[in-house]
Amino acid sequence: MLTIEREIRDAIVAHARRDHPDEACGVVAGLEGSDRPTRLVPMLNAAMSPTFYEFDSGDLFRLYRDMDERGEVPVVIYHSHTATEAYPSRTDVSIAQEPFAHYVLVSTRDGAHESGPVDFRSYRIVDGEVTEEEVIVVERYADDVPDPKRESA
Amino acid sequence: MAIEVRIPTILRTYTGGERAVESSGSSVAELIDSLESAHPGIKDRLVEDGADGPAVRRFVNIYVDDEDIRFTGALATELSESSTVVILPAVAGG
Numbered sequence: 000m001l002t003i004e005r006e007i008r009d010a011i012v013a014h015a016r017r018d019h020p021d022e023a024c025g026v027v028a029g030l031e032g033s034d035r036p037t038r039l040v041p042m043l044n045a046a047m048s049p050t051f052y053e054f055d056s057g058d059l060f061r062l063y064r065d066m067d068e069r070g071e072v073p074v075v076i077y078h079s080h081t082a083t084e085a086y087p088s089r090t091d092v093s094i095a096q097e098p099f100a101h102y103v104l105v106s107t108r109d110g111a112h113e114s115g116p117v118d119f120r121s122y123r124i125v126d127g128e129v130t131e132e133e134v135i136v137v138e139r140y141a142d143d144v145p146d147p148k149r150e151s152a
Numbered sequence: 000m001a002i003e004v005r006i007p008t009i010l011r012t013y014t015g016g017e018r019a020v021e022s023s024g025s026s027v028a029e030l031i032d033s034l035e036s037a038h039p040g041i042k043d044r045l046v047e048d049g050a051d052g053p054a055v056r057r058f059v060n061i062y063v064d065d066e067d068i069r070f071t072g073a074l075a076t077e078l079s080e081s082s083t084v085v086i087l088p089a090v091a092g093g
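Line order of the protein sequences matches chains A and B.
For the first sequence, the positions run 0 to 152 when numbering that gives the first Met the number 0 is used.
For the second sequence, the positions run 0 to 93 when numbering that gives the first Met the number 0 is used.
Don't read these hints as lab results, they were simulated from the structure.
Virtual Cβ for every residue (Gly too), placed ideally from N, Cα, C.
Be aware that one or more of the hints could be misleading.
From the derived model, a few chain B residues whose C-beta atoms are all more than 12 Å from chain A [what the hints assert, rightly or not]:
| no. | residue |
| --- | --- |
| 1 | 15 |
| 2 | 54 |
| 3 | 82 |
Using C-beta positions, here's what the derived DEER-type ranges look like [stated by the list, open to error]:
| no. | chain 1 | residue 1 | chain 2 | residue 2 | range |
| --- | --- | --- | --- | --- | --- |
| 4 | A | 55 | B | 18 | 22 to 30 Å |
| 5 | B | 81 | A | 113 | 51 to 59 Å |
| 6 | B | 52 | A | 110 | 42 to 50 Å |
| 7 | A | 86 | B | 11 | 25 to 33 Å |
| 8 | B | 37 | A | 114 | 50 to 58 Å |
| 9 | A | 70 | B | 54 | 29 to 37 Å |
Start from the sequences, fold in the hints, and give me the full structure.
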């Protein structure tokens with residue numbers, strides 16, 4: 000199950016719409032062990048493609064260095080599909096290498112990049128196995144953990 | 000000569016859960032062989048046979064002193080005592 004704040008969910012959808020018809024991608028970092036996505040980091044799709052996404056290797060290095068310094072992990076790794084459903088492609092599954100991340104897929108197909116509901120779904124991808132999970136959208140997380148500063152989309 | 004190597008989550012099964020291990024070598028290729036001796040199986044996750052011999056796997060990134068080795072000589076990239084090595088899985092898909 001993925002629990003995510005509405006503001007972050009909406010920012011991911013906005014990013015996907017903005018980059019349509021290319022795929023958008025990014026992470027939501029959170030404190031290690033919290034399973035709570037708090038810091039949205041939209042990434043550049045270095046492939047700039049409607050059918051593929053990839054973080055630039057230099058961007059990837061800096062992202063992980065920043066997360067390490069903050070004690071964070073990539074709680075959510077998201078990307079959009081712009082002509083197909085919000086389900087991991089064979090390529091997604093074969094490349095997925097963060098077994099503890101929630102892989103979020105957003106679909107902007109069929110005009111969803113302009114208006115109307117956007118499919119927003121979440122999966123675990125471990126050893127080539129895809130498991131869909133429930134997404135719970137909340138207004139605010141319970142305040143037992145301080146909310147680190149969030150980067151805007 | 001001990002060089003710190005940062006290990007990504009997905010490869011920590013090979014390092015007993017350690018996030019960083021010490022290894023040695025005067026090049027990345029030698030370092031990976033040393034890693035393999037201490038953590039059998041890890042080399043196959045990092046390197047594949049390419050048309051021109053062993054190459055870093057397409058969706059694995061290895062950085063020496065913050066630079067992706069694809070731009071610094073690939074597996075032949077030289078290491079010194081003060082080098083830091085970071086391994087990161089690519090984040091990519093279709």
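For each hint, the structure was consulted:
no.	hint	result
1	15	holds (17 Å)
2	54	holds (15 Å)
3	82	holds (15 Å)
4	A/55 / B/18: 22 to 30 Å	holds (24 Å)
5	B/81 / A/113: 51 to 59 Å	holds (53 Å)
6	B/52 / A/110: 42 to 50 Å	holds (49 Å)
7	A/86 / B/11: 25 to 33 Å	holds (29 Å)
8	B/37 / A/114: 50 to 58 Å	holds (56 Å)
9	A/70 / B/54: 29 to 37 Å	holds (34 Å)
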